[in-house]
Amino acid sequence: MATPETAALPGRPGRGYRTSLWQVRQPAFWLFMVLLVLSTIAAVLIQVGVLSVSPGGWVLSWVLLLVYAVPAFILIYVLDLYEREPASLIVASLLWGAFGATTLTLVASAGWDPLVADLLGRDLYVQWGAAIIAPPIEEILKGLAVVFVILIARREVDDVMDGFVYGAMAGLGFTVVEDVLYFIGQFGGTPGGILEGFFVRVVAGGVYGHVLYSGLFGMGVAYFATRRREASVGKRLGVAGGLILLAIGAHFLWNSPLLDFYPDQLESAADYGQVILATTAKGLPFLAFLALMVSMGRRREHRWLRACLLGEVGREGIHPQELEVLESPSARRKSRREMTRRAGPLAGKTLKRLYRAQITLAMIRSKVGEKDDHPDLVRQRQYCKALRDWLVAVTGGAQPAARPG
Amino acid sequence: MTRKTGDALLRVVTTAAATPPAAPARPIPRREARWLPTLGVFLLILFVTLGGFLLGGPGEIGDPGKTTLGDPISVSPEVRFRPAEGWVIEEQIADPPQVRLVGDIGALYVITAPARAGAEGLLQEYRTTVLEPQAGQLSVSDPEAVTLPAGPGLRVSYVGTFEGVGTPLVGEITAAVSPQGNGVVFDGWAPEGQFVAVASDVQAMIESAEVA
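Chains as they are written, first to last, in my numbering: chain F, 1 to 405; chain H, 406 to 617.
Hint data in this document are derived by calculation from the structure and do not stem from the laboratory. Where is the CB? At the ideal position from N, CA and C, for every residue including glycine. Heads up, a few of these hints could be off.
In silico SDA-like cross-links for lysine to any residue, where the CA-CA straight-line distance does not exceed 25 Å [as the list claims (entries may be wrong)]:
no.	chain 1	residue 1	chain 2	residue 2
1	F	Lys352	F	Arg84
2	F	Lys367	H	Glu437
3	F	Lys367	H	Pro502
4	F	Lys371	H	Arg439
5	F	Lys235	H	Glu495
6	F	Lys235	H	Pro442
7	F	Lys235	H	Leu441
Partial selection, computed: residues in chain H whose CB lies under 7 Å from chain F [claimed, not checked]:
no.	residue
8	Ala540
9	Pro557
10	Ser562
Coverage of chain F stretches by chain H, computed from C-beta distances (three or more under 8 Å per stretch; other residues unrestricted) [unchecked claim]:
no.	segment
11	72-78
12	100-108
13	206-216
Put together the whole structure using the sequences plus the hints.
Right under this line is the structure:
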């Protein structure tokens, strides 16, 4: 029997069907990079200004927000079940939200604020100005992250879930930088004020904020871009427009005096409970809708995987019992754990590679259509087989991807 | 080579030259540069970020000419100004001469003093004796020279948190000194994000000031 030490692991075939951010022939790439670099310089200067007002508060704000942002990042990333998006595009979306959208929002608000104040009059502006000005500006600027990804790397956005992931990442970046400014500017920058701000904006309202709005916006953009073969232009415009308006509407409600159940002061435990009720009243219906959309998107991804691999099951790339495991993230995790227990960490990692290779096989199958003997398809099948053979060898003949009991 | 074979070969060669076999298709289509949508995105960004400035026009933002002013208020025998419509006196004190006006959103505090060290000294004195003692966190801009009907002056902007006020305040302090050495300080403020709504009123009141 071969052991992990003696048997050489099969090498990966070329990356082939993945597209990174670095598409230097796309004009959108250069527009994106120029705007991102300039706005990042401006954003860093703003952060330096905030740091000078309250150095300790600035550090505390970032620490607290990273505690929130890191798990949120992972959660958004893994919601995309099969085709995890390229890291460069994910990071680009996050940075666009954090620096590009926030800086451009500051510029835009300086122009639109006086105009809207003038149009509404003082009283209406005080009550409704934040609800009317911020949502369209911020949602459009954040949502451009998804538009840029589509223009730069069209191949990487093939369903609404991809739009959700890129949009939500932009929303996450935006909310972290905005919260730092809020914690120092509006909550005073003292430890007590920052903790109060963290409770109001992150603990009580974090799940209803920019991640939600931008996720909806991204789904709308992705729907329009990816359903050319399935839906008419009118339907695509209608659904995309509806989702984008819903994102702006959710933000509008959040900023407006409607359903405003916030307490005047935060002094007792009851006040804190009231904040949670207030944020829930404004945000829960939209979060429920987003959850429904994400659930539908994931079911669609299941169907996509099965349809793509239907012609492959039984060939050397994937066996029927492997497809069963591949379709269930929890079954994949259990199977990997079982493999690690039986044959060591390297075998567990190799099984993970086999699953990824089989998902890539599905992607290649969807791109090349009916060409059964396409060289990329053949190469990927052989790669999957080589990984399986390696696993069989190190485990003494057991089928690697059998559903664990 | 027979003539028949030679003709056939010639036919093959000429046919091949006239209609070359199709090149094999790329497995993945080449990515076309998308200029038009990129231009559309660029225009959208321009509109969203700069549209407010363009549609508002240069005279619309904080235009003091649009404010209706009331009858003059005397702060001291040397200083008087006209309050904007909707602004009322909340407090007036004779010694040292000062008045505090409030509007729907913001407030304007006016105090007079002899200005032996010019507008710069007056501004610094106000900042250290009035503004900073009341502030928790405070960020103040560098002074900017302004020319008012009352005389040359200096202006700074600030943002900060203040005792007894739940939200941060944004404001502008303007210090001016008349040729006779009489000084006046105007401090107008409003909650953060709303100063823009009172800026034109504050500006109009400052510009209406007469300092003997």
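Cross-check of the supplied hints:
no. : hint                  : verdict
1   : Lys352(F) / Arg84(F)  : holds, 13 Å
2   : Lys367(F) / Glu437(H) : holds, 17 Å
3   : Lys367(F) / Pro502(H) : violated, 81 Å
4   : Lys371(F) / Arg439(H) : violated, 28 Å
5   : Lys235(F) / Glu495(H) : violated, 59 Å
6   : Lys235(F) / Pro442(H) : holds, 20 Å
7   : Lys235(F) / Leu441(H) : holds, 23 Å
8   : Ala540                : violated, 10 Å
9   : Pro557                : violated, 27 Å
10  : Ser562                : violated, 13 Å
11  : 72-78                 : violated (count 0)
12  : 100-108               : holds (count 3)
13  : 206-216               : violated (count 0)
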